[in-house]
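Chains B and C, in that order, are what the protein sequence lines are.
Note that our numbering gives residue 144 to position 144 of the first sequence, counting from 1, and the numbers run on in steps of one.
Note that our numbering gives residue 316 to position 316 of the second sequence, counting from 1, and the numbers run on in steps of one.
Be aware that a few hints might be false.
Computed list of lysine-lysine pairs in DSS-like fashion (alpha-carbon distance at most 25 Å, straight line) [stated by the list, open to error]: (1) Lys184/B / Lys196/B; (2) Lys191/B / Lys232/B; (3) Lys48/B / Lys142/C; (4) Lys121/B / Lys109/B; (5) Lys184/B / Lys232/B; (6) Lys210/C / Lys109/B; (7) Lys232/B / Lys196/B; (8) Lys191/B / Lys48/B; (9) Lys210/C / Lys121/B.
Per the computed footprint, the stretches of chain C lying under chain B, defined by three or more beta-carbons under 8 Å from a beta-carbon of chain B, are [claimed, not checked]: (10) 207–213; (11) 217–231.
Source of the hints: derived by calculation from the structure; they are not laboratory data.
Keep in mind it's a predicted model, so treat the numbers as computed, not measured.
Here a beta-carbon is modelled for each residue, glycine too, at the ideal position from N, C-alpha and C.
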Amino acid sequence: MPPLLEARGLSRSFGHVRALDNASFDINAGEVVALIGDNGAGKSTMVKALTGNLPVDSGEVLFDGEQVTITTPHQASEMGMEVVYQDLALAPHLNPVQNMFLGREVSRKGLLGVLGFMDEKTMRARAEAGFRELGGTVRSLTAQVGAMSGGQRQQIAIVRAITWANRIVFLDEPTAALGVVQTKNVLDTIKRVRDKGIAVVLISHSMPHVLEVAERVQVMRLGTRVATLPAKGTTVEQLVGAMTGALDFSNADSKEGAA
Amino acid sequence: MSVITPPGQAPDQQVVADPPAGDSYLRRVANLQSVWILGVLLVIVAAFSIAAGGRFLSTSNFSLISQNIAVWAVLGVGMTFVIVTSGIDLSIGSVLVFSSVIAAKVMAAVGGDGWGVAGLGILAALVAGIAWGLLNGFLVAKAKIPALIVTLGSLSVALGLAQVITGGIDIRAVPGALTDFNTYIKILGIPALPFTALIVVIIGGIVLHKTRFGRYTYAIGSNELGARRVGINVDRHLILIYGLSGTLAGLGAILALAQFGTTTIAGQSLTNLNVIAAVVIGGTSIFGGQGSIFGTVVGLFIPAVLQAGFVIIGVEAFWQGVAVGTVLVAAVYVDQSRRAAALRGASAPNPLLAMLKLKK
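Chain B on its own, in the form it takes in the complex:
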């Protein structure tokens, strides 16, 4: 079976800076893949390129084994891909339900719907179901998101993403600013998302977290993928070695495509 999403030889330059240099990436359905690398290694650029936020100079992207050209975030959404950005992109003055359906409000039936009225009951029920499914810690669906803790907000952003993404969710540093308990909740959430059959791309600087939830770790350095390692049996030292270039995994990398 071909990978769910695969990027081959993506390149993108900003002036003289090669943000992506013949970089590849792949993820299978229902798999958690970590994307790691030092600052400026090209992780965010890769995610942007895969989700229609950034055109690439060369290279190809395959979705379900078929070549695709994703030019807008909207198109990525329609294909079942969502991104949870590091800043979460939530509206702090709106409540979790309103945030979850922002830009995708359910219309009332008939004339009222045409006039722009929204079906608040349906949205609330669906949001409740979404939060219950993830066993979240979000207790209030009517309070403003801005009044909630970082962990709760992270959860809202993730629930929003997986409500709309049925294939792949990209998480950009979901645990960067969280405490111990909140981090554990987010990692548990990632596992539950994976169990639903949705692939998760996890961008993180935290090696222990990466090794805890990911099946495979793809390491980027200087705009290209330098290693793909199974999480099992890999140590934090090996990951850091690959990130910094101290260890060379280039031979291992060439064989992993079929795995």
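Since the structure of chain B is provided, determine the placement of chain C on it from the hints.
Chain C only, in chain B's frame:
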């Protein structure tokens, strides 16, 4: 901009979980700024009623008050939308003047006293208002010029053009149909101007609070980048919002023509600030994302009631400015403290009460 506490500093989520009471409708209503400010309005009304009795608490007095705020209420609806997006529209007074001049010119050129002529005037005023609003919106959304600067510019240009067109002399050729509409017509016992304003307020409230258009207005004021990321066409929405504000200034122009029977070229220089003050007193955050049409209406009544009350009890009306300014600053202070408390995850106590407690 919208205040977000860094996630890392937020308390542990287990602790912060809402108590069940946090969801209760009554408590949420009690926490709204517009409800507190409604209390202030009621206190002011009660105070004047005690001081002046029947002379203040009369139908004719409140009829007069509602006449006086009708035009501002129409402008206030548009301004609430604009400020909820964290924008500002300083140009409404000038756009009103410009629209009323255009309307008066059109009506004078056609000539006559009937509704046919008045209808042409209304159309002309609305078109002029929409044009200014869309221009403001385009410059804010597409040219990315700060709204304060754009509307400061159009404030000057619109008023200047109105003066150029008229030579600075007010046009008094307003059809009888319009002035009669103000003087004689009552709908459901309410004079026609306030009734028209009431309709605009109700429609504005429904659109802001119940429709997708309103939801996006809040979302843009709350987190513009976030709104863009979920696929909302922010630029188009902003253009429409400023267009709405301009349209309502055009409608306000017609109401003002009906009310005064003349254009008011020199009479609208503080309209923008008065309307902005009312919107802010009513609990709409100048930083965007929060506000209500109901609050704006209450915020309009406070200065109007103060003015009427001062006249009736024989205090110089100049004190109105002193009182309104004080209420404005106090209202924003109260609002800010409550909001800060809410963002800390506390159960938002009333800061006024907290201050009183401190003093004891």
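Hints, one by one, checked against the model:
no.	hint	verdict
1	Lys184/B / Lys196/B	holds (19 Å)
2	Lys191/B / Lys232/B	holds (16 Å)
3	Lys48/B / Lys142/C	holds (24 Å)
4	Lys121/B / Lys109/B	holds (12 Å)
5	Lys184/B / Lys232/B	holds (19 Å)
6	Lys210/C / Lys109/B	holds (14 Å)
7	Lys232/B / Lys196/B	holds (22 Å)
8	Lys191/B / Lys48/B	holds (24 Å)
9	Lys210/C / Lys121/B	holds (13 Å)
10	207–213	holds (count 5)
11	217–231	holds (count 11)
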